[in-house]
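Asker: Since the structure of chain A is provided, determine the placement of chain B on it from the hints.
Protein sequences, first through last, are from chains A and B. Numbering follows the numbering used here, with no gaps: position 22 of the first sequence is 22. Numbering follows the numbering used here, with no gaps: position 28 of the second sequence is 1028.
Be aware that one or more of the hints could be misleading.
Covered by chain B, according to a simulated footprint, are these stretches of chain A (three or more residues, beta-carbon under 8 Å) [stated by the list, open to error]:
{"no.": "1", "segment": "53 to 59"}
{"no.": "2", "segment": "113 to 122"}
{"no.": "3", "segment": "144 to 156"}
{"no.": "4", "segment": "231 to 245"}
For each label pair, taking beta carbons as the anchor points, the in silico distance ranges come out as [to be verified]:
{"no.": "5", "chain 1": "A", "residue 1": "Glu232", "chain 2": "B", "residue 2": "Asn1047", "range": "34 to 42 Å"}
{"no.": "6", "chain 1": "A", "residue 1": "Gly63", "chain 2": "B", "residue 2": "Ser1013", "range": "39 to 47 Å"}
{"no.": "7", "chain 1": "B", "residue 1": "Arg1056", "chain 2": "A", "residue 2": "Glu139", "range": "41 to 49 Å"}
{"no.": "8", "chain 1": "A", "residue 1": "Arg228", "chain 2": "B", "residue 2": "Ala1044", "range": "48 to 56 Å"}
{"no.": "9", "chain 1": "B", "residue 1": "Ser1129", "chain 2": "A", "residue 2": "Gly101", "range": "35 to 43 Å"}
{"no.": "10", "chain 1": "B", "residue 1": "Asn1047", "chain 2": "A", "residue 2": "Asp104", "range": "57 to 65 Å"}
{"no.": "11", "chain 1": "B", "residue 1": "Glu1026", "chain 2": "A", "residue 2": "Pro12", "range": "48 to 56 Å"}
{"no.": "12", "chain 1": "B", "residue 1": "Arg1138", "chain 2": "A", "residue 2": "Ala19", "range": "45 to 53 Å"}
{"no.": "13", "chain 1": "B", "residue 1": "Arg1237", "chain 2": "A", "residue 2": "Ala250", "range": "37 to 45 Å"}
{"no.": "14", "chain 1": "B", "residue 1": "Arg1237", "chain 2": "A", "residue 2": "Gly161", "range": "35 to 43 Å"}
{"no.": "15", "chain 1": "B", "residue 1": "Gly1375", "chain 2": "A", "residue 2": "Val14", "range": "43 to 51 Å"}
{"no.": "16", "chain 1": "A", "residue 1": "Thr99", "chain 2": "B", "residue 2": "Arg1211", "range": "52 to 60 Å"}
{"no.": "17", "chain 1": "A", "residue 1": "Tyr121", "chain 2": "B", "residue 2": "Arg1138", "range": "34 to 42 Å"}
{"no.": "18", "chain 1": "A", "residue 1": "Gly101", "chain 2": "B", "residue 2": "Arg1138", "range": "20 to 28 Å"}
Worth flagging that the hints you see were computed from the coordinates, not collected in a lab. Cβ coordinates follow ideal geometry from the N, Cα and C atoms, glycine included.
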Amino acid sequence: MSNERNIPTEDPLVIAGRAFGSRLITGTGKFSSGPVLAKALEASGTELVTVALRRVDLDAPEGEDILDHLDRDRYLLMPNTSGAMDADEAVRLARLARTAGLVDTDGRCWIKLEVTPEPRYLLPDPIETLKGAEVLVREGFVVLPYIPADPILAKHLEEAGCATVMPLGSWIGSNRGLQTRDGVQAIVAMTTVPVVVDAGIGAPSHAAEAMEMGCDAVLVNTAIATARDPVEIAHAFRLAVEAGRRSHQAGLPTAGDPSASSPLTGFLTDDAD
Amino acid sequence: MTLTDAELLQLQSKAERQRITTYEPEFALDVPMLDELVRWSEKAATNDDVARALVRDARDLRDVAALLAPAALSRLESIARDSHDLTVQRFGKTMHLFAPLYLSNECVSECTYCGFQVWNRDIVRRTLSPAEVGAETRFLRHLGFRHALLVAGEHPKHVSAPYIADCIRAAADEVPNVSIEVQAWDTDTYRSFVEAGCDGVVIYQETYDARVYPEFHLKGNKRFGDWRLGAPERGARAGMRRLGIGTLLGLNPSWRWEVLALAAHANFLQRHFWRSDLTVALPRLEPAAGFDQPPSVLSEPEFTLATCALRLALPDVGIVLSTRERSDLRDGLARLGVTHMSAGSRTEPGGYSEPGGAQEQFRVADERSPADVTGMLSAAGYDPVWKDSSPVFRRSGDERL
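Chain A on its own, in the form it takes in the complex (with noise of 0.2 Å):
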């Protein structure tokens, strides 16, 4: 069963009781022109896409602000709190969001939680990504945080209300891959909320491997927005993330020795003529 975007419905990600289509979640920062990332979004197969507050312009004239090129009959936004340093300034920016009518159908405002003090790696930081989403799932904000790969902490936004935990695969903008592997797995092994892989993939290879892991779902940006042909790297994403989900769904075998398929020590059970 297909729709017509061709995506399998039988499978849904569901977030905080909302079903998305795809499992592919874009950002829009880094891209070359809006036109450029309009047409990449559509190429992505995309339905959620994150928007940093701080780029989002009101005044600007017609055509220029990066709102103008997001259709939001067709993409659920998800404003971001990208440079904030402390909880306080995200909880603000996301009340901003909401104020300025950033909200989904049934009214609920999504915030992509980033809390990231510093400038460099633009590393989250756990203790105050926990403080701030603590607030906002009270204020009724649908919430899905960006974190390091730390079962624990997942836990505890799990158990604050968050929608999703987003672990990183590697620090943002790298196309690393998955560097965290070992974490992210317990945390899909630990956790009852959607897992997206957010920052570090690099290639669609990498968007595939997080979804044979079991994630529920992958977030990219900078490696559709810096590639040559963003419109079709974003196609091959989203083939890559039909892929490693329905790998995912299929049951990989395991890696390991070859074995015989005759057992070897069947004479010990074979019937004695």
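Answerer: Coordinates of chain B only, in the frame set by chain A:
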């Protein structure tokens, strides 16, 4: 014993003076090591050293010295390619745009290369009122800018700390991102600027070489190079989110020495003031009113090499390029590592709403309008970023986007 007000003021001013003249910044340059690296870079570094520096993941100062070597010039194209790739990966195909806004050209300093210096009696001096600063910022906002860099000379009366704070407030009412490029201040004063809505301090050391610095800085607090060198540290401690450092190429005969010192300073600030976003700049000396053409200490290929070497050494740091450089060079460098550009700049107070009313600080080489520069960027496949901040990040707690 009771002191009269005048005596108290005199004592305070003496203590202030002592603090400035004897100040020791946390950052200290290893001068013998830099001298040795420059000697090696200029005389001994080989093609192999350049190749090794290019393949390293994390580059140290020796790698920077190799990338600045004469031998590196013959590999400029491949160095430029690596610099381009790294910049696109880290920053995307984007360019941050900002505009300098001159508050005042009054100055008590004597910096021999600057048009605003105290002995320059032939120029029209002007200091904008905070209301005029608001009007200038509004003008910039209509041009598209959301980041104003407030610039001023050093003058205890005309450009006092409360005056600067008032100007910051006036500009911050108009745009979400206000930074300053003014004289060096102490931590408490920087804190008052942060509270007024300033989020960045830009202060260029002019020359990092303390053997060269006194030749060019003859009068005013700017004479005390260590006080100036410590300004970014004090700004960071006061809560400035963005720090801009740089060196004015053309003062020190050895431009390699300056670029290496700048890289060392950037490394230090990133490690010690890890919350602050850092930009670096390599302005080249331009002719100012009443002065001859300065000696050109580095060619355009060398300038390009220096820009790329900084990118390769400091992958996460913004690189700023001003309108001092001619348009063709700016267009080329926009693709090779530069991430922040001014456009349509006026370097005289009031220059946006009333051009030509006062003396400019230096001659602008790229006179294109902001619209022309963004047109060039779009044609090159780059998205201009006008806004990259929110008043929410201010201590004053603005509740606006």
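Asker: Failing hints, ascending?
Answerer: 3, 4, 6, 8, 13
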